[in-house]
Amino acid sequence: MPRGSHMTTRYGGQNGSFSLQIENWANEALGAIEQTFKDVVIQIGETLVNLSPVDTGLFKGNWQLTIDAPSNHSIDRHDKEGSETISALIAAANSLEPGQTAWLVNNLIYSIPLEYGYSQQAPAGVVRITVAQFQKIVREAAQRNQV
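Quick note, the sequence shown lines up with residues 1 to 147 if you use the numbering used here.
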């Protein structure tokens with residue numbers, strides 16, 4: 001008998017569960033990665049909306065999540081509470097697929113002055129605070145979705 005052929009003879013026709021377990025784990029891991037990405041996008045969007053200063057609600061309502069290309073316009077959504085905007089962000093984030101790019105933008109002409117302290121409601125900005133929390137947001141999402 002050639003060297004090593006006893007393994008083929010002994011195990012060759014068996015369908016072991018090990019490869020199936022690896023395949024299941026890989027599928028779970030891919031699902032967890034996809035969900036983590038969506039969770040991070042949602043948390044960033046919620047943070048941006050919740051930190052946004054409010055007068056008429058137009059700035060808060062103008063946070064937009066688009067896929068693969070940034071929005072290049074503002075929208076006429078006055079959302080003082082932010083709930084409508086967050087619902088729209090969640091719906092868009094849940095449609096994300098692996099390999100796509102999520103864009104969170106606010107195209108109002110006064111977005112930049114607000115970011116740099118024009119409003120006493122957000123003197124440290126909105127985006128800069130969210131960027132500072134990014135690693136924490138990712139870490140928490142990854143922990144929630146770990147396989």
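Where hints are given, some of them may not hold.
As the list claims (entries may be wrong) - Computed list of lysine-lysine pairs in DSS-like fashion (alpha-carbon distance at most 30 Å, straight line):
id, residue 1, residue 2
1, Lys38, Lys136
2, Lys80, Lys136
3, Lys80, Lys38
What the hints assert, rightly or not - Pairwise CB distance ranges, derived in the manner of DEER restraints:
id, residue 1, residue 2, range
4, Lys136, Glu23, 28 to 36 Å
5, Pro53, Glu23, 48 to 56 Å
6, His73, Gly117, 21 to 29 Å
7, Ile22, Tyr118, 52 to 60 Å
Bear in mind the hints are in silico, worked out from the structure with no lab data behind them. Even glycine gets a Cβ: it sits at the ideal position worked out from N, Cα and C.
Verification of the hints:
no. : hint                        : in the structure
1   : Lys38 to Lys136             : 15 Å, holds
2   : Lys80 to Lys136             : 27 Å, holds
3   : Lys80 to Lys38              : 25 Å, holds
4   : Lys136 to Glu23: 28 to 36 Å : 33 Å, holds
5   : Pro53 to Glu23: 48 to 56 Å  : 50 Å, holds
6   : His73 to Gly117: 21 to 29 Å : 25 Å, holds
7   : Ile22 to Tyr118: 52 to 60 Å : 55 Å, holds
Going down the numbered hints, you'll see the structure goes against none, and every one checks out.
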